[in-house]
Each structure stands twice: as C-alpha cells, then as structure tokens.
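A.B. asks: Sequence:
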Amino acid sequence: IMASNDEEALKRRIVETAKRKLESSGEKDRLKEILKKRLQEVGWEEEMQDYCREIIQNKSLEHIDVPKLVQEIAQKSRAAVPDNIREEISSQVKYFLQHPSKD
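To get our numbering, take the position in the sequence shown, counting from 1, and add 498.
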C-alpha cells in the first residue's frame, strides 16, 4: 500500500522534529558516545579496519572508485552493527522522545 504524499510529508516532519530534539538537548551526542563505546567493546572498529584493508588490497589503487568504495564500506559498516546494540540505541531514542524532560 502506497502512503499518500501528506503521510510522507508528515513522517518527514516528525523525523526532522525528532532529530532537532535529539540535537538541541545533547541527547544525540550522548547516544553517539554510547554507540561508540558499545562498538569498541565488540571489536566493530577493528572489523571495519580489516574490511577496508582487504578491499584496498584486492583492488589496485588505479581501480578504486572512491564514491563506490565509501558506499560499499558504509553499507557493510551499518550491516555489521550487532542487533543488540542497534536495539539498545533505538530503545533509548524512543524513551527520550516519549519522556520529554521538564527543563
């Protein structure tokens, strides 16, 4: 079922409002630090470094298309985030948005 343009516009406004709240409150930075720490704990950064080295070693420097390389690494890095970490951050975002501070 296709959503109407009005529904899509509303979804975009909701997402933009949520992003602004996360940024203006400092919550986005706090969550980024938690994410960074969790990813370090599970060796994600080393895994991505090894993946990048492997890609570069398997392609000659003349044949590396930087935009394609960035896209490939971005897709792999997102997919490599463990589900439990993804769920932890997601639940913290949901909690934050559902329980506004009284400041």
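In short, the hints are calculated from the structure, not lab data.
Ideal Cβ placement from N, Cα and C applies to all residues, glycine included.
Be aware that one or more of the hints could be misleading.
What follows is a set of in silico ranges between Cβ atoms, one per label pair, in the way DEER data are often shown [claimed, not checked]:
hint, residue 1, residue 2, range
1, Glu514, Glu585, 35 to 43 Å
2, Ser558, Gln596, 47 to 55 Å
3, Ser588, Ser522, 18 to 26 Å
4, Gly524, Glu570, 29 to 37 Å
5, Asp548, Pro598, 20 to 28 Å
6, Ser558, Gly524, 41 to 49 Å
A.B. asks: Go ahead and decide if the range 35 to 43 Å is satisfied by the Cβ distance of Glu514 to Glu585.
C.D. replies: violated (24 Å)
A.B. asks: Per the hint of 18 to 26 Å, is the separation of the Cβ atoms of Ser588 and Ser522 within bounds?
C.D. replies: holds (20 Å)
A.B. asks: Lying within 41 to 49 Å: is that true of the beta-carbon distance Ser558 to Gly524?
C.D. replies: For Ser558 and Gly524 the Cβ distance comes to about 45 Å; the hint holds.
A.B. asks: Within 20 to 28 Å: is that where the Cβ-Cβ distance between Asp548 and Pro598 falls?
C.D. replies: violated (42 Å)
A.B. asks: For the hint 29 to 37 Å, verify it against the beta carbon of Gly524 and that of Glu570.
C.D. replies: Roughly 33 Å apart at Cβ, these two residues keep to the hinted range, so it holds.
A.B. asks: Are Ser558 and Gln596 spaced within 47 to 55 Å by their CB atoms?
C.D. replies: holds (51 Å)
This entry does not satisfy hints 1 and 5, going by the numbered hints stated previously.
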